[in-house]
Structures are given as C-alpha cells and as structure tokens.
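Could you build the full structure based on these sequences and the hints that come with them?
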Amino acid sequence: MRKFSGWTLLKEAFGGQQGWTPQWRRVAPQPEYDAIIIGGGGHGLAAAYYLAAEHGITRTAVLEKGWIGGGNTGRNTTIIRSNYLFDESAALYDHALKLWENLSQVLNYNVMFSPRGVLMLAHTVHDVQVAKRHIHANRGNGVDNEWLSPEEAKAYCPPLNIERNIRYPVLGGALQRRGGTARHDAVAWGYARAADALGVDIIENCEVTGLVRDASGAMEAVQTARGLIRCRRVGVSAAGNTSVVLGLADVRLPLESFPLQALVSEPVKPAVPCVVMSNSIHAYISQSDKGELVIGAGTDAYTSYTQRGALHVNSHTLSAICELFPAFRRMRMLRNWGGIVDVTPDRSPIIAKTQVAGLYVNCGWGTGGFKATPGSGHLLAWTMARDEPHPINAPFTIERFRDGHLIDEAAAAAVAH
Amino acid sequence: MLLIQCPYCGLRPELEFAYAGQAHVARPADPSTTSPEQWAEFLYLRNNTRGIHAERWRHVRGCARFFNALRDTTTDHFLATYRAGEPMPAIQAVQQP
Amino acid sequence: MSGRRIEHGGRVDRSRVIRFTFDGKTCSGFAGDTLASALLANGVRVFGRSFKYHRPRGVIAAGSEEPNALVTVIRDEARCAPNLRATQVELYDGLVARSQNRWPSLDFDVQAVNDLLSPLLPAAFYYKTFMWPRAAWHKLYEPLIRRAAGLGESPTLPDPDRYSQRFAHCDVLVVGAGPAGIAAALSASTSGARVMLCDEQPEFGGSLLDEPTATIDGKASGDWVRDSIATLRARANVTLLSRTTAFGYFPHNLLGLNERITEHLPAPSANMPRERLWQVRAARVVIATGSIERPLVFPGNDRPGVMLASAARTYLNRHGVAVGQNVVLVTGSDAAYSAALDLRVAGVRVALIADVRTDAAGAPLDTARQAGIEVVTGATVLGTRGRLGVREVTIGMLASGAVNDTRRVECDALLVSGGYTPSVHLFSQSRGKLEFNEARQAFLPSISAEPECSAGSCRGVDGYAEVLNDGARVGAESALAAGHSVAAQQYRVQSREFSMHGLPGVLPQANHLQPSRAFVDFQNDVTTKDLALAMSEGFESVEHIKRYTTTGMATDQGKTSNMNALAFVAGELGRAIPKVGLTTFRMPYTPITFGIFAGYDRGDLFDPVRPTPMHDWAVQQAAVFEDVGQWKRARYFPRPGEDMHAAVERECKAVRAGVGMFDASTLGKIEVVGPDAATFLSRMYVNGFATLAVGRSRYGILLRDDGFIYDDGVIARIAEDRFHVTTTTGGAARVFGMMEDYLQTEWPDVKCWLTSTTEQWCVIAVQGPRARDVLAPLVSDVDFSAAALPHLGVTQGRICGVPMRLFRMSFTGELGYEVNVPSDYGLAVWEAIHAAGQSHGITPYGTETMHVLRAEKGYIIVGQETDGTVTPDDAGLGWAIAKSKPDFVGKRSLARATMHAPDRKQLVGLLTADPRVVLDEGAQIVATRGQRAPMKMIGHVTSSYHSAVLGRSIALALVRGGRARIGETLYVPMPGGEIPVQVTATVFYDAEGARLHG
Amino acid sequence: MVDTAIRRTVGLPAAAWLEVVPSATRFILRGAAGARAAAGEGFGISFPETACRAATDGDRSALWLGPDEQLLLAPDGQVERIEASLAHALQGHAYSLVDVSHRQVGLSVHGPHAEPLLESQCPLPLNLRDFPVGMCTRTVFGKAEIVLWRPAEQLFRLEVWRSFSLYVVQLLHEVAREL
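Listed in order, the protein sequences are those of chains X, G, R and A.
Positions 1 to 417 (the working numbering) are the ones given, in order, by the first sequence.
Positions 1 to 97 (the working numbering) are the ones given, in order, by the second sequence.
Positions 1 to 998 (the working numbering) are the ones given, in order, by the third sequence.
Positions 1 to 179 (the working numbering) are the ones given, in order, by the fourth sequence.
Careful, some of the hints might be misleading.
Computed cross-link-like contacts, BS3-like style, restricted to lysine-lysine with a CA-CA straight-line distance of at most 27 angstroms [what the hints assert, rightly or not]:
no. : chain 1 : residue 1 : chain 2 : residue 2
1   : X       : LYS98     : R       : LYS936
2   : X       : LYS98     : R       : LYS128
3   : X       : LYS98     : X       : LYS353
4   : X       : LYS154    : R       : LYS139
5   : X       : LYS269    : R       : LYS139
6   : R       : LYS653    : R       : LYS632
7   : R       : LYS857    : R       : LYS632
8   : X       : LYS65     : X       : LYS353
9   : A       : LYS143    : R       : LYS632
10  : R       : LYS25     : X       : LYS269
11  : X       : LYS3      : R       : LYS139
12  : X       : LYS98     : R       : LYS139
13  : X       : LYS3      : R       : LYS128
14  : R       : LYS128    : X       : LYS11
15  : R       : LYS751    : R       : LYS885
16  : X       : LYS98     : X       : LYS3
17  : X       : LYS269    : X       : LYS154
18  : R       : LYS751    : R       : LYS891
19  : R       : LYS883    : R       : LYS857
20  : R       : LYS632    : X       : LYS154
21  : R       : LYS653    : R       : LYS857
22  : R       : LYS579    : X       : LYS65
23  : X       : LYS11     : R       : LYS139
Bear in mind the hints are in silico, worked out from the structure with no lab data behind them.
None of these values were measured; they are calculated from a predicted model.
Take a look at the structure:
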C-alpha cells in the first residue's frame, strides 16, 4: 500500500498525478476463503480489515452486491457519539468512538473524524430528566457528556434559537464534546484500501444468492452471482437487507427494515459549528466540510426497501429545523435520499452467532449504525475469529429477545441516532 | 405520501393512516402454554419481506378500522387491501400481469 | 464590454426601466429581464468564483441548469437568499444582488491562489493528507477547508416571510409548458378533464419563446403560445401555474411543486406567501420537461464568455441581449447553428463556426455559409485565452485522429453545443426505467413505474411539429386514461430548425494520453484530469467516481455535466455508456426553499397548543406552564417574589394542611361500554374488573404484551356495562389505539366499544383535609358520607347545577375528590370551587406540586419511575396483579425467568444523610465508595424533591435488588463528591394511609 | 350556580367565512349493524348505510364515521331525551352510546373560498365530484384530526376536539391571509 501523505501529494503534483494506483484490487472470487463478509458497507469492510489485521485471517473476502459503501454508508448523516444510557450500550459505542479517534492514522486515510461536539436538546421537563439521567450514567461509565443551559447551548451553537416564546423552547442540552462527524465515503474506502493491503479480496457486483450448509447444518459455502465460494465462517453485515440474506439460511431475526431519509442544503460558509439533535421535535443537523447543512430525522412509518421516503416526513423534519434555526428558512434543499435501516424491537443492535454454526450476524443498528462502524467491525471480527463474542458484544445476542434481557435505548430516548 | 385503499372508505391519503406492522400474526389463544421461543416469535419475529408483504394499517383518522394490505416493499405499490378477519388473497390473483 | 442590448427585439418591456445593484454598482435593465440577462446587457462577464479553485466564472446557461452564476439576493437584512441562479432571478426595482465566494472582490480574489496550487489539490486530495498530528485535522485543517468551501453565506436573522402549502388533485398534471406541454394541456382539457399545467419559468412557452421564425397553424410561435395560454386560462377545468417547479415525484403519483409567488415583486404584500408548496395527486402525469443543451469539454472551457449556444439564443430572442460582438460557435449538433444565424441577423459578427463533426453537412452548414459565416468541420478546441473573459480561442483541425493545423480566432463570446440531453429527472425519480438510445446518444424513458407519460423532447422527440403532435397525443391519451375522451389535434408547423442530436463527451486533444484540464463540472471544479485520477485509483463505478471527484454533486446536480462525465468515463474505460451506468436522479429537481416544507408550521402553529378549559384562568393567575405532549399544563402558580421552589413549598403545605385544587383535565379518558366491557378490561389490565362494583373504582396497570408497564390510570364502573377509564396525559391516544387493536383484531367477539371522552370531561381535583368542606355546599344529589362515598367510590350528581361524575380519589394521599363536569362548564365550576374554597384557604396547585405530593406517598408516574423496562413488580405494584386470571396482556412475558431475577431494579425510597441535599433526578447509585469510571452502577434516582411536609429531601429510585437493601447505605457519586443515601420504603408520609380515608 | 344556558367554549376569532356553531348535543353511537338500524328509528333518522355519508332530518343529523360508529348531532339540551329514546329503541341490542357534546366544537366554513381554504391543509380532494354534498368523514387539517362534513356546496362543517379548535381556527386564519 502506497502511503498517503502531503509528501506523496507533492510528488504527484510534479509527476502529473501518474503514480496513483488502485486503492483496492479488482479481483475475481477465489474458490475458497477462511472468512467471508457479506455486505461491503463500512461495517463489513471494517470487519474484514480487523479479521486480517488483528486475527491474521487474511484469506478473507467481502462480497458486495453493488459497489462498496453504496448502502447506508453512502447515504449517511455521519453522526458519531457514545452517550448512550445503558452500560452495555455505552461500552459498545465508546469502544467505537475510541477507534474513531485514531482511525485516520491507523488506516492512513483521512476519514475526517471531527469531534466538534454533539448537542442533544431538551425541550420539556421530561426531556431534561432524561438528558440528566444520561449525563449521570455516562459519567459513571467514563463517557463524557455535560449539561448546558440554554445560554451555554447558544454560545456553543450560535444560530440556535433559544427564545422562550417558541412552541417548544430549548430548556438546555446534553453535550458530548468528543462526539462529531466523519466523512462517510472515506470510511468505506479507507477500510477497503487497508484491508486490501492485507490481502483481503473486495468483490463488488457479487450478490449472494444462497447460503449452503453441510450435513451437520453448519456453514459450508456461499452461492453468489459469480459462482459458489466455499467458506465455513460467514459474517452477514447487510444492514437493511439482513433479513433477506439470513432468510437464505432460514434464520429469522427480530428485524424490520424502514426507510430513513436525509437531506442536504446548498453549501454555505460555516454556520453550524457542531451537531445538534432534538429527539422530541425530531430533527438533527450538522454542516459538512463542503458547507452543506446535513439534516435528518427518524424513520418513515412503514417497512420498505425502496430507498425513498415520503415528502411529509421531510416536511416535518424541516419545520422542526426552521423552528430551531429560523434563519435557515431561506436555505434550500439540494438533495434528498433514503436508506434502509434494520430496526430491532429494543433499538439495540445484534452482533452475535446465529443458530447456524459458522454463521454470524451484525445487524439491527437502526438509524445509528454509522457511529459504530469501527467498533462493530472490530467486534464482529473478534466474534468470527474466536467463535465467541467479545465481552463488549456479549449482551447483544439474539437470545435476549427470548429471555427478556432487552437493552432498550428506545424506551429512554424516543429516537436513537 | 401513499394513496391507500381503505376497505371501508375508498382511496385515501396516507396522512390519515397508521402503519401497524406485519399482518396475520395471531396472538396465541392461550399464551401460558407457549414455549419461550414461541412467545418470543409472537412478540418479536417478523418476516421483513422484501417483496410482497402482508401488513396491517389502521385508518385512524378516517373510519378508525384496522385492515390488512398486500404491498410490494420494493416499490411501495399496493396489490390489495382487505378487511381484518378476511383471508389473505392469493398473491397470484392480485398481481398485475 | 462584450454583451450589449440590441436595439429591437426580445420580449422585455423596454418602456419599463428597472434599477438594481450588483456588488454595489447600480445598473439598469428592463421588465422581463433576469438578473443574468440584465448583467450581460450591462457588459458584465464575471458572475462568480468557482467552488474550489476560485476561478472567475461567467454565465453559461439561461435557465435552471446554470452552474456558475450564483448570487446572493438581499431584500433586507433578514431577507437574504444565497446561491440563487442569476438566470432565474427576475429583475425588480431596487433588487440588490451580490456575488459570492470571493474576497475582496469578484475581479480580484485572493483565494484564486488555489488555482495555481491545483496540482497539489487533485480530486479527493483531502483524504490523503492532513492526518498529522492527530488533532490538527479538527483544530487546524478542517476549519481552513470549511472557510474556503461553501458558496454564499447563510442568512443570520429569522426569515419574516410567509410560506404556504396547498394540496391539489387533478386528472392530468402537465409538467412543463413548452410546445409539448401546452399541446398536452390543450387536448387533455378539451376532454373536460381537470388539468394542471406548471412551468418553472415566469412565462409559458418554453423553447418557443426563443424561436422567432416558426409558425404553428399559421400563427407566429409567440402568438400561438399567447393564444393557447389564453384558451387554457379561460377554461374552468384548467389551473395554470407559472414560476412553479415540479421538483419531486413521489409514490402513487404525488408530485411536489414549488410556486414562487412574490420573489419577483419589488414590494410584496406581507400577506402574500413568498413561496408555496403544492402537493398534487394526479390520475395521470404528463412529463414535458424538454431537454438541456450540453457544454463541450475542452481546455479553458470555463472562461467567462464561454456559453451554451441555446443560452445565447435565449438572451437574444427573449431579452434582446447579444452576448458578444464577435462570437465563435463550436458545435457538435445542428441545432446550435440557429444561435449563430440569429446573432448574425441581429448584427453580431460570427467569426467562425467550428463543427467538431468531420461528417457534418447539409442544411445548417449551407444556411450558415449563405449567411456569410465561415464554417469548418472536423474541428476541436485546444484552448482559450483571456484573464477575466475569453478573448481568443485556439481551434485545431482533426485529421485521421490527430490534431494538426491550429488557428487562433479572436472572439468575445464562445458559444458551445454538444447537443441536447433530455430532461428525464422526474421520470427517473418516479422509478421509471431509462434506456440508452444510441442514435440520440441519450438516456430516454422506457418503462413507467407510475401512471405517467413523457412527451416531446424529454423523450427524444425532435422538431416542433413532432413535439406538438406528441404532446397533443399524450395529452389526449392521458385524459382518456383518467376517464375523459378526446381526439388529439394535429399541428402544422413551418420553421427553420435543425436536429438536436449531438455527441456527449470530451473534444479530442493533441496528446490523448495526457488528460487535459478541461472542466466537466464547472461549479465543483471537476476536470477530466480528476476523473482520470479517480479511475487510475480504481474507482470505476460511476457512483464511486461521482463521490470521489464530486462531479455532478454541485447545486446544479450535474444537469449540464453528468452526460459529459459519463461519456468521458465510458471512453476511458472502453465501455459503452449504458455499461458504465447512470447516477441516481434525486429529489429535488432544483434546490427548494426550506420554508415551503415548513409552511404554516411555525410559532404556535408548529404543533397544536392544547389548552384546558381553565387555561385562561391559569394565565391570569400568572401560572408557569409546562409542555406535556401538546398540552399546556400549569406547573406552579407563583405569587409575586416566589420562585418555583417557594411556590411549590407553599402549594404543598396548603394541600396537606387545608385544601388545594388542581386541573387534571388533560388525563386521557375512555368510555368503555357494552355487555363485555368488564371482560375486556380484565384482559387488558393486570387487575380484575369482573368483581368491581358499580360505583367503585380501581387503580389499573396496563402492560404491553412484552410485560413492561405501558400506562396506568383509574377505572371506574359507572354502570354494569359502562366503565370510565383514565389514562396518563401522554398515553391517551396510544392506549386508545392499543385497546382498539386488541378489540378489532384479537378479540372481535368481545362486545364492547370505546369512545374517547378525554375532552368531554373537565377534571378538577380538590385535595386536602378540607376538600369535602369545600365541595359539599356546591354539590347536589351526592351523599358525601364515608359509607356512601368511600375512598375509590364514584357517584354521579350535580355541582353548581351541572351534571357531574364525582370520583373520590387521591394522588396526594389526602382526602380528595376529582370533579368531572362537561368541559364547557369547567371554567365556571372551577371558579365556583375556587370562590367557595376561599374561606378554607383553597390553593390552586400545578403539576410540580402534584409530583411532590405523590412522591411523598410513593405513587409512581409512568414515564418517570418507568421507562419501558419496568414490570409491575419492579415498581412495587405486584399486588395489583390479579393472579387468578388465565390471561391478560403481558402476563405470559411476566412468567419469563428474567422477570423475577432478584437483581432486577426495584423501586425504593432514598433518604440523604443531609436532609437539605436534594438529589439530582437521573443521578446514578453505587454500592461502595470511591469508585472510578467505569463504575458499577446499581440504580438511578427517578424522582427527587424537597418535601415541605417532612422538611427534608426525599427521593425514589430504581435499585438492583432494592427491596432487599432497605436500611442499607448506598452512594450517589456526583462530580463534587459522593452523597450517602439510606434505602427506605417508597412511602415517606402517612404510611398507614389514615389521611386518605379521612 | 352556573348558568347552564351559557356554555363557555374557547374564544375563537370569527370571520366572514367562519362561524362557531352554537352548542349542540352530540353522541357517539357504536354497535353492530342491527343496532344501527334500530337506533335510527329511535333517533328519527334512518342512518346512512353508505360509508362517509350524513343523513339529516330537521335539526338532527347522523354522520357515518366508521362501519360501527355514528356521530349524532342535535340541538343543545337533548342529552337525556335522546338517551331515553335510544335506550328504548335499542332494547336487546349490544351498543355503546356516549355523550360527547362537550368534547368537540363545531365550525362552519363557508363561501367561495371554503374549498381552497380547507385544501390548504386537508389532503382530501374537496371538489364537488370527489367530496359531494352530504359527504362526511374523519380526516386531518394540518396536525389536527377533524370531522369534515359538506352540508351544502359552499358550506363545510368541521367538528374539532375542543383543545384543537383554537389551532384549527388560527390555521384557517393564517391560510385566509393569502386568499
């Protein structure tokens, strides 16, 4: 792998940009691998990277039905935070956040992780109670999160409207300074390039059409659009399409796939310095390095694989943004898009073994998967390499739904982004 | 905003409806006799179909009735709607040629 | 100076001179000008600076596809709109426009140094550097990049303008009022169908407005447009919307339209909305969105003065502006010849027409040559010169694949055309399938996904007669499909027009191997070199190339650039264009103001404010309100000088010592009626209701089937078959929906029905030892004796002469009643009770006091003591479960082993060692001192108050195995130190409940 | 004592095209089809069998809200009388009759602008072909649920839960500014 640096750029500037090489190889699938990851999004690519980098399993392939990073990774509002309520969740997301903090250097790819702070607003007495419970729990878990008064919130985010006479005035907010954003495409490409350098095969346009099991019921091979590939260790990291892929092995999971929309404005000079989220009036906003306001909200109401949502859902989101930021009413929507998010009943993910030996799954991230990318990849790789979960993902089993050990972040906060 | 054929009121805008999840998930007649797996299946396991999906809607801001629908989740087009309690129509019968 | 106003012609109103300023300089134009046409007429060439390299840029197009000429329009301090296309900004008197992305001035921009550094800043350079030291990205590089990026500046003051919304339904919606759209609307509306016709431009007519020579059915094209629109306007079944962009195509034939209403007016009425969102549901849609000319890709193709031939023609024929005095046309299509010919007629020198096709021949060339214009074929452009605008172009001649024989031609405008790209954006948004048409070298609509049909040049039809007849046919067919029959008209057209076919891609250069710095995406500064770089780094999917280079991702969404980028990539990869694929067309077609999506949803209309019948009274009493769902609830009633703490202290004492009154109207209420009502409620709630006597009530707990507490309330039996059920304020709608769900779908045989009575009844809680004394004199037909109306007794009677349901119940632990009267009487009864209570010192209290009083008694609040993970047993309410019932909602889940684990979090009381310390709600609890993160947290504080009656702090908490820890000391770690707390039972006051039965 | 003749509704700003309907007696009747027929006799109107249609006779109306739900409207002060006559007519039937007189506020929106006013925030087609005279239904207006009934070509009656009535009226006024 050719090292990226200012020096390389300088050299290429004088060399007419002739020295660049493909960031990952374009390869045909081999007949057999030690590990296969189904799904070439950020999570899947990260898992492949860590399988090779930390567990020495370099005979690994990532199978992607389209182009890598083209699912939810590529249609993302890129919020990163770890201030979750329950101990299990805080450990999981903070594991990811710590990986984010060094990711550019580890991958030698600037993923533009930008800890500009995530400010979660409270608008009602109940919101304040919930926010403070989070802050106390986070502090106990060593996760930074602090309470800001309305005036402090405005100082942190100047365009925020803290007038008391609006419909749902801002009563304060919980700020995680270590939270922020990153560049979604770079995450996928950075992991792909680093995994490729370790020998991982990244195979695009390779839809999985069957999961083949041996006489004992264990994973034996993967049937794909590009032929049969033998492998006894298969990880599924297919986000909204997880149910469809696992259905090939007759594995059913407590998942439903919903459309999640987001939009960006036309680019403007810096206006929003941090990420602002409001769960009770359903909107969040940040500004990309390019200058676009990046805006989203919760999912649409019904399950769908269309990768698009309804106009009225956008309208609700934008009316909330215009209340919080009344100066943005004249800004204009440039692009709107939809992803497919797989949601579990307790809004917490599953990173676990399935009942099929050799088949592992990482799913159920709902609207909040991007922030977990390095962590989930790391933990899925661990679980696949050792055939047992890492202590951090041990609670995130499938069996918790049978036993009632839910990790119900949704109950405490209406939306978990 | 979808346009949904309420079996009672006719074609109406989605703003009047509430989605109510997968259809034909019957609550066990005697839950106390179900195994933990069966009960978890009733509570949580859903088909999450990519394709033709039997689902429930409620015309909550209309006639207020729950009813069932067949919708293609890859296009969001409805193939049929029918009243609660009625059997699911054969998919071939409602598919357009 | 290059552009100028010609003496005659154009559709502007020369009798109305309009003054405006651009970058502080006063200019003038005419009514009917756009900012772009007026600036061109004033000789302006540089309109803005590009995004990355800050290169000077002029106007390229004349419509919404313009990538370069972005300006900020400033009506006043609060009414600034950045990034508007000068080509769409209509001139009005006093308009103030400012260029963007430059400092200190448009002609001298410091950041143009980026252009010199461009070898260092290839596509995606930022992914490869700025990584050391680690913190420098966020602290140093990113802020620099952010400041350099962005285009205009965001407004900073609240936008005072109104935005409006409208739903509409029609049989046929026609998008685009060019020849195809007008013909479609005419035939569809003749059938009697309800037709809507919209166009993004101020004037209907589309390309016909640029066409001075054509006649339709013997009428000059402009006259035909005028008469056709008059015909349509006169029809009651037609709605015409100009300045209206169909920006989004949503499932089930719903289209989003953006109408701009006042933006072109010098002094709009404050009542008029600035813009409107139309949500149109159409039985059929006709897409008649025309096509967009493509620029050519060659070195120096971004210099101001390089412009689409069609734009030059629009400026000439619509605005009476010649874009140059001495122009060169470089073209790959026949159609562009019309621009040169029209300019020639207007007296502009056409120095050369360089046709890039070696085999170009026929009518357009002959006509040009007859007009005295030199035409060469097989040409290419090797470069241009001119600092702030083109003044010379270098033409190279192609011979057997190599470029030789170059010549330099002076010019002040360089018109370019690569042919036309059909506007399939809406069709593609509808999820229709596109197919690549080799002959047209364009993607055309193929298979529809919605009931729509494309007509005219957006589906590749070429020539006015063909387009008009296509429109008429599609209009008639669409009307027929919507149930209205009509025959399509046939139009006769005479015109001088040439084919719109062309060639996408990059003009051949001398050294093919060395990709040139020719711009593909002007606004995002993406060159062919960038595309080549992306491919050399292995990005081959068109979506990857788009993302890696940002081509097509600017505010014009690649309207002029996508096909060129695609053709270049296809050429480099040696694949056919359809094999490379097409990026997705996304909503919106052009950028759409946030304001219209919000519409009327602002201020108090953002979400309904639900007041109770006593709301105005509470306002008069200076109550402080809190938002609970959509309701406004009085939180406390401060007297002058009191803060919340003082007011609540006083209110609490008043209730404990005398009597208080509380507005509980927001509680949800459901009337459950029918012979099976008791059966139904027994199945829903954990409690049993079969044995509940008429005239009695019971505290009920509602679970979901997962076993966790969902809601609670009081259920009263009014008659054998009639129950009055209360829910929490926030739970009213969802509990009603959940009950309907079980009734309608699980137990359709259960004979009872639900009616929401939340708003039928106004609820006045009168609580305290003097409550009976206050109420008794006002009430008739009620026996207040403990025997007749014990705790949890319910009766009906009259109060102040109006009908009443009287509940003896208490959420305070005191003797208490809840008076339910029909809502219209609520305020009068409230005032009567308040007046009657004066002698008893009656004190209105709010939700905060209610919370304190119930916490003193250990009563839970759903949503505060519970969070969706709490079972009845966790909350200390296991006693309420009717264990003999075979089933109720949630019962099976409660039987799971984990629901009985001894270390579940259980509700307990906490007392701080220091009675003055009030714990933070949400504070965490640990078992041992001195823990550092990550701590072993065993619980959290759910409620915490200062108790007036106890003179100390109290708290409720959920603690692992809490009930077994009663008496233990635990710790609440706070930033300032640990707070020791003693675990207690949940009831702090009157544990034996004597006061309740007083 | 409270003057029961004067019922105090929320203060709602009127307009030339908007009136608050005087206080009325309102019931929600729910029950099976057989009960509906019997109740019609008791109420003095044969209840509409067609979905989304209202039947009116004199000063009484019955509005179809759902297959098992009718909204009964009568002049103010008839609660006891209607309860008694329906109880008599419905003997032997299972049904639910609940007084909701005070639950909602009636608004009348009339005149040539009535249709565009309501179409601003109601997603139903309100032209005469799709929403003829006599049609009634529950639907939405902005973020409020309403019952919408068209008694005459240029007259719409809205029944709005009382706490939403101020919102609906303010929203109508806001829309009316541009008409």
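Structure-based check of each hint:
At most 27 angstroms may separate the alpha-carbon atoms for a hinted pair to count; X/LYS98 and R/LYS936 meet this at roughly 21 angstroms. Under the criterion of a C-alpha separation no larger than 27 angstroms, the hint pairing X/LYS98 with R/LYS128 is consistent with the structure, at around 22 angstroms. Of the pairs offered as hints, the one joining X/LYS98 and X/LYS353 holds, with about 25 angstroms between alpha carbons and a cut-off of 27 angstroms not exceeded. A hinted pair counts as satisfied when its Cα atoms are at most 27 angstroms apart, and X/LYS154 with R/LYS139 qualifies at roughly 21 angstroms.
For a cut-off of 27 angstroms, the pair hint linking X/LYS269 to R/LYS139 stands: about 17 angstroms separates their Cα positions. For a cut-off of 27 angstroms, the pair hint linking R/LYS653 to R/LYS632 stands: about 24 angstroms separates their Cα positions. Distance restraint check for R/LYS857 and R/LYS632: the Cα-Cα separation of roughly 26 angstroms lies within the 27 angstroms cut-off, and the hinted pair is therefore satisfied. The suggested pairing of X/LYS65 with X/LYS353 holds, with an alpha-carbon distance near 23 angstroms, which does not exceed 27 angstroms.
Of the pairs offered as hints, the one joining A/LYS143 and R/LYS632 holds, with about 16 angstroms between alpha carbons and a cut-off of 27 angstroms not exceeded. Annotation: proposed proximity of R/LYS25 to X/LYS269 holds, straight-line Cα distance about 24 angstroms (limit 27 angstroms). Restraint check: the Cα-Cα separation between X/LYS3 and R/LYS139 comes to about 23 angstroms, which is no more than 27 angstroms; the hinted pair holds. Only pairs whose Cα atoms come within 27 angstroms are accepted, and X/LYS98 paired with R/LYS139 is accepted, the gap being roughly 18 angstroms.
Between X/LYS3 and R/LYS128 the CA atoms are separated by roughly 9 angstroms; this keeps the pair inside 27 angstroms, and the hint holds. The suggested pairing of R/LYS128 with X/LYS11 holds, with an alpha-carbon distance near 13 angstroms, which does not exceed 27 angstroms. Annotation: proposed proximity of R/LYS751 to R/LYS885 holds, straight-line Cα distance about 19 angstroms (limit 27 angstroms). Between the alpha carbons of X/LYS98 and X/LYS3 the distance comes to roughly 23 angstroms, so the proposed pair stays at or under 27 angstroms and holds.
At roughly 19 angstroms between alpha-carbon atoms, X/LYS269 and X/LYS154 fall within 27 angstroms of each other, so this suggested pair holds. Using a Cα cut-off of 27 angstroms, the hinted pair R/LYS751 and R/LYS891 holds, with the two alpha carbons roughly 22 angstroms apart. Taking the CA atoms of R/LYS883 and R/LYS857, the gap is near 25 angstroms; set against the 27 angstroms cutoff, the hint holds. Under the criterion of a C-alpha separation no larger than 27 angstroms, the hint pairing R/LYS632 with X/LYS154 is consistent with the structure, at around 25 angstroms.
Distance hint between R/LYS653 and R/LYS857 is fulfilled; the C-alpha atoms sit about 15 angstroms from each other, no more than 27 angstroms. Annotation: proposed proximity of R/LYS579 to X/LYS65 holds, straight-line Cα distance about 16 angstroms (limit 27 angstroms). Simply put, X/LYS11 and R/LYS139 have alpha-carbon atoms about 26 angstroms apart, close enough for the 27 angstroms limit, and the pair holds.
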